[in-house]
Amino acid sequence: MKHPLAHYITRFADLFYIGPVRKLLPLQTFRYAFCGGLNLLLDTALYKLILHYMIRDRFVDLGLVVVSPYIAAMCIVFPITFFNGFLLNRYVAFKQSPIRGHVQLMRYALSVSGALLANYALLKLLIESFHIDPTPSKFITNLLVAVYSFLMQKYFTFRGCRDI
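The numbering of the sequence shown is the working numbering, which starts it at 663 and goes up by one.
For the record, the hints were derived by calculation from the structure and aren't laboratory data.
All values reported here derive from a predicted model rather than from experimental measurement.
Idealized CB from N, CA, C, for every residue including glycine.
Just so you know, not all the hints are guaranteed correct.
20 Å max Cα-Cα, derived SDA-like pairs, lysine to any residue [what the hints assert, rightly or not]:
1. K816 <-> K786
2. K710 <-> F812
3. K710 <-> G725
4. K710 <-> Q690
5. K786 <-> D676
6. K786 <-> Q766
7. K757 <-> L805
8. K816 <-> V727
9. K816 <-> A668
10. K757 <-> S773
11. K816 <-> M768
12. K757 <-> R673
13. K816 <-> Q758
14. K757 <-> F801
15. K710 <-> P741
16. K786 <-> V722
17. K816 <-> T691
18. K710 <-> K685
19. K786 <-> F674
20. K786 <-> F801
21. K757 <-> F674
22. K816 <-> L772
23. K816 <-> T706
24. K757 <-> F812
25. K757 <-> D719
26. K816 <-> A783
27. K816 <-> A777
28. K757 <-> Q690
29. K786 <-> Q690
30. K816 <-> T672
31. K710 <-> I738
Here are the simulated distance ranges between beta carbons [said to hold, decoys possible]:
32. Q758 <-> H793: 28 to 38 Å
33. E790 <-> P760: 17 to 27 Å
34. E790 <-> R762: 36 to 46 Å
35. I738 <-> L787: 13 to 23 Å
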């Protein structure tokens, strides 16, 4: 099934697939990076807004456990960017995949859970050990996890998707 918004996002992304970029990256990899970049911008913006304006940089007491502000913000942002990322990958980057949607979603959840654990560990390391501000730490963490995510999406979640 084609999604009309995906068509426009794909056409917009392809406007930037020119000259040197075309020589460096296959189209599918470029579209994945483009979609990932969109999701990363959304993630970073939501993270900053939620951390500073909703949570107000305070620890969140959930009764049984107290959650640090940056981890609480990550937990709130995660479901939004999870589904946004899945839809962008399914309908823009890996739209040729022969795997059924519900199977893709389950595989995506598995691969993203690994990315989420890496995000958690890297955030703890960057913020608590290296004393880097939470927003740049989140951005750095996302960039580091991007390579893992691409490999998981290409060779596991949307396996069998031919390069375009």
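Going through the hints against the structure:
no.: 1; hint: K816 <-> K786; in the structure: violated, 28 Å
no.: 2; hint: K710 <-> F812; in the structure: violated, 24 Å
no.: 3; hint: K710 <-> G725; in the structure: violated, 25 Å
no.: 4; hint: K710 <-> Q690; in the structure: violated, 30 Å
no.: 5; hint: K786 <-> D676; in the structure: violated, 37 Å
no.: 6; hint: K786 <-> Q766; in the structure: violated, 30 Å
no.: 7; hint: K757 <-> L805; in the structure: violated, 23 Å
no.: 8; hint: K816 <-> V727; in the structure: violated, 37 Å
no.: 9; hint: K816 <-> A668; in the structure: holds, 19 Å
no.: 10; hint: K757 <-> S773; in the structure: holds, 18 Å
no.: 11; hint: K816 <-> M768; in the structure: holds, 15 Å
no.: 12; hint: K757 <-> R673; in the structure: holds, 14 Å
no.: 13; hint: K816 <-> Q758; in the structure: holds, 11 Å
no.: 14; hint: K757 <-> F801; in the structure: violated, 27 Å
no.: 15; hint: K710 <-> P741; in the structure: holds, 16 Å
no.: 16; hint: K786 <-> V722; in the structure: holds, 16 Å
no.: 17; hint: K816 <-> T691; in the structure: holds, 9 Å
no.: 18; hint: K710 <-> K685; in the structure: violated, 35 Å
no.: 19; hint: K786 <-> F674; in the structure: violated, 36 Å
no.: 20; hint: K786 <-> F801; in the structure: holds, 13 Å
no.: 21; hint: K757 <-> F674; in the structure: holds, 16 Å
no.: 22; hint: K816 <-> L772; in the structure: holds, 14 Å
no.: 23; hint: K816 <-> T706; in the structure: violated, 24 Å
no.: 24; hint: K757 <-> F812; in the structure: holds, 15 Å
no.: 25; hint: K757 <-> D719; in the structure: violated, 39 Å
no.: 26; hint: K816 <-> A783; in the structure: violated, 24 Å
no.: 27; hint: K816 <-> A777; in the structure: holds, 15 Å
no.: 28; hint: K757 <-> Q690; in the structure: holds, 9 Å
no.: 29; hint: K786 <-> Q690; in the structure: violated, 33 Å
no.: 30; hint: K816 <-> T672; in the structure: holds, 18 Å
no.: 31; hint: K710 <-> I738; in the structure: holds, 11 Å
no.: 32; hint: Q758 <-> H793: 28 to 38 Å; in the structure: violated, 45 Å
no.: 33; hint: E790 <-> P760: 17 to 27 Å; in the structure: violated, 44 Å
no.: 34; hint: E790 <-> R762: 36 to 46 Å; in the structure: holds, 42 Å
no.: 35; hint: I738 <-> L787: 13 to 23 Å; in the structure: holds, 21 Å
When each numbered hint is compared with the structure, violations occur for hints 1, 2, 3, 4, 5, 6, 7, 8, 14, 18, 19, 23, 25, 26, 29, 32 and 33.
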